[in-house]
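Participant: One-letter residues, chain by chain:
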Amino acid sequence: MVNPTHRRLAAAVAVPFLLAPTLSGCASDSHGRTKLTVLAAASLTETFGQLEQSFEKDHPAVDVVVSFGSSSALAEQVNQGSPADVIATADDKSIGLVADDGNLSGDPTGFAANTLVVVTPPDNPADISSLDDLAAADFVVCDPSVPCGSAAQTILDNAGTAATPKSLEADVKAVLTKVSLGEADAGIVYVTDAEAAGDEVMTVDIPADVNAVNAYFIAVVKDSGHADLSDEWVSLVMSPAGQGVLAEAGFGAP
Amino acid sequence: MSSSAVRTRGRAPLGLTLPAATALAFLVIPVAAVLIRAPWGTLVDDLSAPEARDALRLSLVTTVTSTVVCVAFGIPLAWLLARTSFRGRSLVRAMVTLPLVLPPVVGGVALLLAFGRNGILGKPLDDAFGISLPFTTAAVVMAQVFVALPFLVISVEGAFRASGERYDEAAATLGASRWSTFRRVTLPLAFPGVVAGAVLCWARALGEFGATITFAGNFPGTTRTMPTQVYLALQDDPDSAIALSLVLIVVSVVVLALLRERWLSGLST
Amino acid sequence: MSLDAHFVVRRPAHTTTVDLDAGPGEIVGLIGPNGAGKSTTLRALAGLLAVDSGEIALDGRLLSGSDVHVPTHERGVGFVFQDHLLFPHLTALDNVAFGGRSRGTPRAESRSRAAEWLTRLGVGGLANRKPRELSGGQAQRVAIARALASEPRMLLLDEPTASLDASGAMTLRTQLREHLRAFAGVSIVVTHTALDAMVMTDRIIVLDAGDIVQIGTPTQVAARPRTQHVAALVGLNLVRGAARAGAITLPSGMTIVSSNGQLTGPAFATFSPATVSLYTSRPQGSPRNVWEGRVTSVAPHGDAVRVQVESQARLLVDITPAALAALGLRSGSLVWATVKATEVTAYPA
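Chains as they are written, first to last, in our numbering: chain P, 1 to 254; chain F, 1 to 269; chain S, 1 to 349.
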């Protein structure tokens, strides 16, 4: 899928932008701190935000910049040559694409797992109490092209329900928005996202035998200019402290 | 004409041609990138895949519908702005141009809050008639109208202003009422501006993504238009995304090229 | 078919006060410099402007008043614009048929009537042309046909010959006079040219700074102008001062002796540029009116040469090219100008 033309083209398009030094992964910011760029799946927004603070506390000379996006988009960015030091995805497929292109130094490491739940508006207007109730409700899930969507599809298949979603949202945040605004009766999201949404949604558990498990993987990008710092970031994520932050947000162990 | 301008007024200065060439390159290179990178070998297969065809068909149906809606309601609004004076007209003009500067996603959120199941108009609509707009094709059209209407109103208002009020006065001295004057004089004189506005409006509707996915959602055949299809295909099938992008680019270039300068002149005045 | 208009229109720049009665078939000329209120008057009569006070009544029907404003399209007032304003998207024929269609006349009938009007104005062969394919004179004829075909009760014409060259204007003027003579309603013609006013109108109203300053027949107005604008239009020198036994003293101190020995009080004096003689030294003998001044411009004027002399008043003098050569005049030359008292007409201001 990625051919040599691809890379040259990306370089040509990138030329004007490289004139702006702040966009380069190896640059230092205006305070002279080293910049460490971490690409992370959107579902890691809260946890990696916390880890960023503790990392910077231990490394005052380092400015960690975490860029969140869908896993497949992040993988595409790295393969297109966007400057990055670490990539953390919500599935093995996306990071596998980066590995296949030889853009990782070392193998990806599993660092967390995420399962899914059904969320409804706080007043649960369609009286959802199980997956079976979805068939009679207006519910939304992620598009199958993103990990939370393929996971939702797996769950619906496992449950053998005839339920069809009203809409395939572009990402998990959009599913939550539709549900919390009451535009949809229900949605299927990661446990962690439901956790973060707090009172805005009500949660209905999905039985373990039909639930899908998303494994989260992390790896250092081959072209990283700060291999040591990148390794330290991965170590922080794998450390008891890092795992504690993840567990608190609802993630399971890898 | 340009060559005679060069002869009579000298060469265009480098201080202008260099930035101009840079600006042009900046606009052209990304488009060229799509052309170069396009999966020409599998183009036909990519575009005839059921999902791509569904998206193409839905885009065609919704954009034509939303353009018709924009023309039907935008021309009267443009007339009001060009030919009458009333308190708060500058506020009205600001409201009309707002969708041009608003991030489309914000437009989508605003539409949800107004016409969603719990929206200020959507809820009564749902309660009284059981009509729910989000996740329907109608919602796609509404999102497109929201972002595209300003293009029509602004270009038609410009055309109304350019043709001037004096022909309207001449028509009045010949016994034509305001409605008759609008129909027989004002509108025909502004016709090029109406065409330009409608085409721009259609092109904007065709490219609409943010408000659509936010307000109408995304489901194949119902609400998944070309831009949404491109965005999602980019996640797992970049070749298909590039093929669809190519279609959008080609259609846009053809449309803009068809708008000859004469038709676009209504915008500049 | 009579007009009874007395109204005031206030604009930030100026106020226009008009008092105007006209009978059926009468042709009234409106003259005055730019900004005198001519266009304002026409627009108010057509209902394109609201009046601030006063009334406009046509055939006894109130068109404008304190609580009344009949919209333009219901007034039955035709308008011929200086730049013709033919609808560019319609043919000459459809332009002329426009009025009939507006009043609900069937399409075929409107068009056949329009064709008649075009023929009457001598442009019947141009029926299928678009306005951009017409010359200025042709377009103005179509515009006149268009206004007349809508069968107005009053016709307003705003400088109908202004956009044409001299010979085109002359032909149109003659033709227009015939059609206005045949028109049963009141016609009001705004004009900048003396010839339009002289040839076409029954009565002239002179406007200056928003006020009517003179009303009279073309002959009266031409012989005894009361504004510099009209004097310039008809080609006369005009001064204003205080008369005492026929001698008029200007504010500048200059005195002009006229043929009217009885006149006393505020007065105008007028004399033709052709009656003034120029000398390069103080003339001998005892002409009554002798003024010293400097030449400020010399320019051809028809067969003669017009010399402008700045004395205690500005004088226009017409001399022959031979006289110009003999005197050797140029801008800045010192001259003496004389005019016989019998050539000077004086009348009360």
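What the hints contain is simulated information worked out from the structure, not anything from laboratory work. As the structure is a computational prediction, the values presented were derived from the model and not from experiment. One thing to keep in mind: the hints can contain errors.
[What the hints assert, rightly or not] Distance windows between CB atoms, simulated:
hint: 1; chain 1: F; residue 1: Pro50; chain 2: P; residue 2: Glu248; range: 41 to 49 Å
hint: 2; chain 1: S; residue 1: Gly35; chain 2: F; residue 2: Ile249; range: 35 to 43 Å
hint: 3; chain 1: P; residue 1: Val213; chain 2: F; residue 2: Arg89; range: 41 to 49 Å
hint: 4; chain 1: F; residue 1: Phe191; chain 2: P; residue 2: Asp127; range: 51 to 59 Å
hint: 5; chain 1: F; residue 1: Arg183; chain 2: S; residue 2: Gly60; range: 27 to 35 Å
[As the list claims (entries may be wrong)] Examples of chain F residues lying across from chain S (beta carbon under 8 Å, computed):
hint: 6; residue: Leu80
hint: 7; residue: Ala82
hint: 8; residue: Ser85
hint: 9; residue: Gly130
hint: 10; residue: Ala162
hint: 11; residue: Arg166
hint: 12; residue: Tyr167
hint: 13; residue: Leu174
hint: 14; residue: Ser177
hint: 15; residue: Pro188
hint: 16; residue: Pro192
[Claimed, not checked] In silico SDA-like links for lysine to any residue, alpha-carbon gap of 20 Å or less:
hint: 17; chain 1: P; residue 1: Lys35; chain 2: P; residue 2: Gln53
hint: 18; chain 1: P; residue 1: Lys173; chain 2: F; residue 2: Phe209
hint: 19; chain 1: F; residue 1: Lys123; chain 2: P; residue 2: Val66
hint: 20; chain 1: S; residue 1: Lys130; chain 2: F; residue 2: Pro188
hint: 21; chain 1: P; residue 1: Lys173; chain 2: F; residue 2: Pro192
hint: 22; chain 1: F; residue 1: Lys123; chain 2: P; residue 2: Asp123
hint: 23; chain 1: S; residue 1: Lys130; chain 2: F; residue 2: Pro104
hint: 24; chain 1: F; residue 1: Lys123; chain 2: P; residue 2: Gln53
hint: 25; chain 1: P; residue 1: Lys222; chain 2: P; residue 2: Val66
hint: 26; chain 1: P; residue 1: Lys222; chain 2: P; residue 2: Val204
hint: 27; chain 1: P; residue 1: Lys173; chain 2: F; residue 2: Ala162
hint: 28; chain 1: S; residue 1: Lys130; chain 2: F; residue 2: Thr137
hint: 29; chain 1: F; residue 1: Lys123; chain 2: P; residue 2: Lys35
hint: 30; chain 1: F; residue 1: Lys123; chain 2: F; residue 2: Pro103
hint: 31; chain 1: P; residue 1: Lys93; chain 2: F; residue 2: Tyr231
The beta carbon of each residue, even a glycine, is placed where N, CA and C say it ideally should be.
Participant: Quick one: which hint numbers does this structure break? Sort them smallest to largest.
Facilitator: When the structure is compared with the hints, numbers 2, 3, 6, 7, 8, 9, 10, 16, 19, 21, 23, 24, 26, 27, 28, 29, 30 turn out to be violated.
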